[in-house]
Amino acid sequence: MLDQVRPGMPAKDSVREVMNFVSPQNVRYKILRTSEMDAYDPAPKAEKKRASKS
Amino acid sequence: MPDLRRLRKVTRLPLTGAKAEAPLYPLQVGMPALDSIHDDFAFRPKGGRSSYRVLRTTEVDSYEKTDAAQGFASALRGQKAPAPAAIEAAAKRPPSTGDQFAGTDRKAAKLSIGTAKTQTYSDVSQLIATLPLHDQMAALKIPLGSTSGRVTQEQRNIHVTGFLYASSREADNDFHLIVGRDPKASGPAMYMTMEVSGLPLQNSPAFADLNASRTSYKTFFGNNLPGAGYDYYSTNPIPVVVEGSLFWDATHSTGQAPGPPSLKPHMPTIWEVHPVTSIKLG
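The listed protein sequences derive, respectively, from chains A and B.
The working numbering puts the first residue of the first sequence at 1, with every later residue one more than the last.
The working numbering puts the first residue of the second sequence at 1, with every later residue one more than the last.
Please keep in mind that the hints were generated in silico from the structure rather than gathered at the bench.
In the DSBU-like style, the derived pairs of lysine-lysine whose C-alpha atoms are separated by at most 30 Å in a straight line are:
| no. | chain 1 | residue 1 | chain 2 | residue 2 |
| --- | --- | --- | --- | --- |
| 1 | B | K107 | A | K12 |
| 2 | A | K12 | B | K65 |
| 3 | B | K107 | B | K92 |
Between the sequences and the hints, there should be enough to build the whole structure, so can you do that?
Structure follows, in structure tokens:
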């Protein structure tokens, strides 16, 4: 269960995968893989179209 | 100890390069991402004693497909600095016009008022703490059709004191109000959506209350009503007292939830106050 009011959390509806990760120092972390990207990045769909034209 | 929220001062809007009306403090509670602000102005409500600052942004609910939302997305995408004219053009496209409710999902519930006695809360976080959990509500499988009425959990009426941090106008003619805690309160910032609804037909039992609250909201902002992009008031959040019925936004129980991107991480629920039946601003 994710604690959404914890500081630094992403928007709940952007989280698409939650992964457990153990660092080389044996510390456990949780990775929240999200759909967030930089606003100026091209949409993946547009990128695909461009690739198919070339 | 210096106030850490005032540690960094910004005097220009990064998105357009224009000079800000007054310094901005991006670490202040409830601020939008600095690079989303395309306009900055102040207004004084008619007959009001205080003036309020509006930070007009390119932030929209992520599921929106209005002309304005698509205009912002296309103006902002790409590595080059966005053209201010394209942003201005998108901001001028109204997401909706008139006052009639123009939506369909759960129209019967949205345009009705709960039947329970009004409960009073002095802080939005107190109200949020009482709301049934997401999984409990999702298990009800509430139909989304226009005739879907209020379920038992949505019969609650509330009176809550808070602060208005942001608002926008939606395609169905609702105004989304993002209401949060006192910016000086200890503990985490927290917000929830409260909707000043588009109006039902005049013969609806809810018409009088919904019309009065919409008129009150529109009168306060006058010519400064928000468009499709969220207007933020976070530099000096507007005190607000809201009454209304609780509503679980089943349309967004999976996928993208409502809310401006900068505040959404602090919106822990898709419960809303919907419709607002009374509102006092300022």
